[in-house]
Amino acid sequence: AQSVTQPDIHITVSEGASLELRCNYSYGATPYLFWYVQSPGQGLQLLLKYFSGDTLVQGIKGFEAEFKRSQSSFNLRKPSVHWSDAAEYFCAGAYNNNDMRFGAGTRLTVKP
Amino acid sequence: NAGVTQTPKFRVLKTGQSMTLLCAQDMNHEYMYWYRQDPGMGLRLIHYSVGEGTTAKGEVPDGYNVSRLKKQNFLLGLESAAPSQTSVYFCASSPPGYEQYFGPGTRLTVT
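So the sequences go chain by chain: A and B.
Under the numbering used here, the first sequence has 43 at position 43, and the numbering climbs by one with no breaks.
Under the numbering used here, the second sequence has 3 at position 3, and the numbering climbs by one with no breaks.
Everything labelled a hint here was simulated from the structure, so no lab data went into it.
Among the clues, some could well be false.
As the list claims (entries may be wrong) - Within a straight-line C-alpha distance of at most 16 angstroms, the following computed EDC-like cross-link-like pairs (lysine to aspartate or glutamate) qualify: (1) A:49 to A:66; (2) A:111 to A:99; (3) A:68 to A:99; (4) A:49 to B:99; (5) B:57 to A:20; (6) B:70 to B:26.
Computed from a prediction, not measured in an experiment: that's the story for all the values here.
Pulled out of the complex, with its shape left as it was, chain A reads as follows (with noise of 0.2 angstroms):
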């Protein structure tokens, strides 16, 4: 069955640290993939988004993704992290529009 693993519920980095979430897709042949973020109370904001071509996807808010698929996985990726970064992190995958999957989310704390 087609699904979107995200193995950390939970993970804490200091401000100004690197950050790395994980995303393992499960899929016949590879998705569209994609990463989330969504704040405290809000909806979802699409970070950034892997169709096809150069493995290393560029996003807002300074995130980037790199897609491997001999590991199958999407991690993404910052080199410093701001207290405004803290939220709930989603990663997704899709052959469709109808048919989007999303892994259970990684909640991300910064501490000062």
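Mind docking chain B on chain A? Use the hints.
Relative to the frame of chain A, chain B by itself:
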């Protein structure tokens, strides 16, 4: 340009009551979706629509109905609410290019 809006923001229902959640988008998107978000489970698709007058079932459709009478609106109905339907409901819309735009959510509690 308000994007995707949802009404109401919060609601408490008693078991067996009915209600309708309204989603509206002003981006002229063809596709619209209803998701529910539960702790530790991410978002799961309830129903979706690929155009005015069309709807289809998603991953968890049982206990819900939807209608898309106008392109800009997508309604989610609960005919007889159950405690298992306590959740946060998100509406989203998209053009045919996969990027979905989400509303702020509706927090529903069924007692």
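Handout entry: Numbers of the earlier hints that this structure fails to satisfy, in rising order
Key = 2, 3 and 5
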